[in-house]
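Respectively, the protein sequence lines represent chains A and B.
Per our numbering, the first sequence starts with residue 319, numbered consecutively.
Per our numbering, the second sequence starts with residue 800, numbered consecutively.
Don't read these hints as lab results, they were simulated from the structure.
These figures come from a predicted structure and were not determined experimentally.
Note that the Cβ used here is the ideal one computed from N, Cα and C, for glycine as well.
The hints are all genuine.
FRET-style restraints, in silico, Cβ to Cβ:
1. 702/A - 973/B: 41 to 47 Å
2. 807/B - 717/A: 24 to 30 Å
3. 668/A - 857/B: 47 to 53 Å
4. 822/B - 711/A: 20 to 26 Å
5. 336/A - 957/B: 43 to 49 Å
Examples of chain A residues toward chain B, derived with CB under 8 Å:
6. 629
7. 631
8. 632
9. 633
10. 635
11. 639
12. 712
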Amino acid sequence: MFFEQLRLALQAIMRNRLRSLLTVLGIVIGVGAVIAMVTIGNGTTARVTADLARLGSNVLFVSPGQFGPGRASADAKPFTLRDVDAMRSQLASVKAVAPLSQKSQTIVYGAQSRTVSISGTDNAYFVAQAWALQQGRFYYDSEVRGGLPVCIIGQTVRKELFGSSDPISRRIRIGSIACETIGVLEAKGQSSFGSDQDDTVVMPIRTFQRRIAGNVDVGRIQVSANDGADTGLVQADIERLLRERRRISIGEEDDFSVRDMKQVAQAQTGTTSMLTGLLGAVAAVSLLVGGIGIMNIMLVSVTERTREIGIRLAIGALEHQVLTQFLVEAVVLSLFGGALGIAVGLALAAAATSALEVPLLIDLKIVILAFAFSAIVGIVFGYFPARRAARLNPIEALRHE
Amino acid sequence: MRALANVDLRIDAGEFVAIMGPSGSGKSTVMNIIGALDTPTSGTFLFEGVDMTALSRNQLALVRRSFLGFVFQGFNLLARTPAIENVELPLVYRGMVAAERRAIASKALARVGLAGREQHTSSELSGGQQQRVAIARAIVTDPAVLLADEPTGNLDTATSREIMDLVTSLNVDQGITVVMVTHENDIAAYARRIVRFVDGRIESDVANTRAA
Ligand SMILES: Nc1ncnc2c1ncn2[C@@H]1O[C@H](COP(=O)(O)OP(=O)(O)OP(=O)(O)O)[C@@H](O)[C@H]1O
Ligand SMILES: [Mg+2]
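Just chain A, same shape as in the assembly (with noise of 0.2 Å):
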């Protein structure tokens, strides 16, 4: 009996092939977004967890200024070396306390020339970043201390800049410095947020500040704590020390803020959150109109069909056997959408992550879940019109034409 109803849906959306294609687009879309939505989602955060995981989760920010609404970290006052120095000395359990300004700026090399984020550090920031070289030398502490010219650059400038030939020894003109390169390093693929880290230059941090910044200014220094010990306690420690170091007395607010990575992918993570509801509500409206779409054309099909319905009631259909009969055809549709939806909802996915390089996750709960929430529609928005076949008087039905 049931699958004589499936066989008898499955007839009645073949007879209108284009009708229950355009009917069952709003589902189609509504589905579609929900699914491209969370499979992008997932791809992005396994993403980040999977950069969280190499980086260690046992890395801290420090930044000058309080983030979050209503507070402006451009007045803060900046970190200096000597902070760097101060919690060198006096941190315990750390591995790494790396300084680190950035700006973004134009670098020149022959006839290419390129605009990159330039990095002023030390030797410490590719420990706490765990990045290896791929080619030639970290910098000599005598080039650190003195702010030489010395340069190590990363893959994409490598390329760039140098296409096949060795870019060791040469010199990129950055502003007014010439600036001699003496290290590439390894790839690292693009950051969790979709820049490129390897198009970057790294000089020493007083080369940096002379040279590029014309200040004294620490951007923010990076904190890699040891293997096993206690992020929180690190953290505190940090904040203890800059406390006294910038003179901020009991009940008044730290100026800087101290943060873990996972803080950090938080923060990143809240703006596409909002993307995320703009989207589900699209799903929801297209959802709410797929099914408002399927009542109509079953409505249009009831009239259609008052005379076959009346045959059937005259032969001994039961009502709900008639019910059941346009029920099965208004959820089959929907399903139809529903399936169409996911397939639409995946293609665009593969698209999206193969695009933001995050790799393809397919959640199996998400797609039956879409597939049941297409079921449910069909059946919430094909009662109405399935109950009125249903209680159609037969005799009325048979007349009319």
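Using the hints, position chain B with the ligands against chain A.
Using the frame of chain A, we list chain B with the ligands on its own:
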């Protein structure tokens, strides 16, 4: 205006009754009541002693599917549907499995002389053939009563005779009660009792002594 008024009619099991009368005299209306499709606005209709006016829609549907076979005025076959599926339809709603009902429906089609036309849709069948599909659909459930509203309307004499021979054999050989509406005297002549309607009343109700 009333389609029927003061109708008092008793039909016993095994009878073969023809209902005659001018157009609009209420023949189809009375057939719909006997066929448990309609209930009178006043008065009662007893079937096997049960008051049909007291039954719910679903109970009436159960009476129809269990005891009655209906051949409608105008065939009322499902469009774009093969003959065999039209005949199977009452069995589908009884929950019979596909193989079994296909076999029974084939047999019913063979009985009305349509073996080999199972897959023809209504538009591929002549008027007489469609009428026979409608009869096959009415008898496929082995009903106790066969109700036929002008089963030979629009048919030529030879085809009409074939159909009437079939109906007569159902009545005589299988004991199925037959109630049939017709305009034609020579068709009514097959019945053993003729009831005439005029303006929604029974004008005459006589035994047909000439019936075969
Ligand atoms: N749905 C309806 N609403 C109101 N009046 C109706 C309806 N159906 C039929 N009638 C009226 O009831 C009367 C009997 O109609 P019925 O269909 O029973 O006639 P009939 O004897 O079968 O005629 P025919 O030989 O043309 O089929 C007619 O006067 C008709 O106008
Ligand atoms: Mg009539």
